[in-house]
Amino acid sequence: MWDFPLFPEQASANAEKLDALMLFELGVLVFFTTLICVLILFFCARYRRGVRVDRSNPPTHGRLMEAIWIIIPFIISAVMFVWATQVFYDLYQPPPDAAEISVVGKQWMWYLQHPQGRSETNDLHVPLGQAVKLNMTSQDVIHSFFIPAMRIKQDVLPGRYTSLWFQPTKVGKYDIFCAEYCGTNHSIMTGYLHVMEPADYEKWLAAEGVGPSRAEEGERLFVQHHCAGCHRESQTVHAPRLEGVYGKPVPIQTDSGVRFATADDRYIRDSILLPKSEVVAGYEPLMPSYKDQISEPDLLKIIAYIKSIANRETSP
8 MWDFPLFPEQ ASANAEKLDA LMLFELGVLV FFTTLICVLI LFFCARYRRG
58 VRVDRSNPPT HGRLMEAIWI IIPFIISAVM FVWATQVFYD LYQPPPDAAE
108 ISVVGKQWMW YLQHPQGRSE TNDLHVPLGQ AVKLNMTSQD VIHSFFIPAM
158 RIKQDVLPGR YTSLWFQPTK VGKYDIFCAE YCGTNHSIMT GYLHVMEPAD
208 YEKWLAAEGV GPSRAEEGER LFVQHHCAGC HRESQTVHAP RLEGVYGKPV
258 PIQTDSGVRF ATADDRYIRD SILLPKSEVV AGYEPLMPSY KDQISEPDLL
308 KIIAYIKSIA NRETSP
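Each number in this note's numbering comes from the position in the sequence shown (counting from 1) with 7 added on.
In case anyone wonders, no lab produced these hints; they're calculated from the structure. Possibly wrong hints are sitting among the right ones.
[Stated by the list, open to error] The calculated lysine-lysine pairs, modelled on DSS-like cross-linking and capped at a C-alpha distance of 25 Å, are: (1) K160 <-> K113; (2) K298 <-> K314; (3) K177 <-> K210; (4) K24 <-> K140; (5) K180 <-> K160; (6) K210 <-> K180.
Please model the entire structure based on the sequences and the hints provided.
Right, here's the structure in full:
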């Protein structure tokens, strides 16, 4: 028999919910398209030229028909909106225990790194049943990270962090695509997601030996680029301390006074590459820019390190 699946294989916790929504919308589309086409054909045949039918007193309006044609589509559209909104929020609200994996897109490959430090190119290994949050950015142009079987697709943008999550429910090997035209070799920017049993995943992680975690590599880079000289206890320059800052509001000096910004991934990235764009209140704009000196993968490692010290107390 000819095998023509309407949707890709369902392999994530959100796939069934998203497919149900799409099938409902497709059903509504098919129903009304069929209804309208049947009515058009019926009236074309019933009132064609030469057929004796009563054409006297043709209706000029019908309040009941107008009410039905307004109320029913409104109810259906409202159901679609509420349903789609719930699915959307589910896709962008990862569980608190989700494993965070860094993704960097560049012409024409995907660079991925696990919290434990192991990195991959165009492949992603994850354990079955573990929620996975992808923190993504681009090193050059706009890409789009797309795993059909997981029902996730998110644009990957230069100079900005985007995220998405999924929870695999089936062991297997699934396609990864770039769904945004990104240049000459866009078609070869592909890869594979490998969903493994948890025990097999742990063996895979340990296959190359135990190395530094992403946060530990970030600390090494933090010292290597001389950040520690200004942002640690032994600081030689009056600069903000970074212990406990991640996720907290930071006072930013502006021409009209002080505003607050959240110290998230975007803020830390901009503070490294564009340090004079948001200067912390009470400090001079002395920090040099590291633009074109630190790669996107290394920036993600430094951010991971700053996240890892988010619960440390700053000593006076």
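*Run the structure past the numbered hints and jot down the numbers of the failing ones, going up.*
No numbers; nothing is violated.
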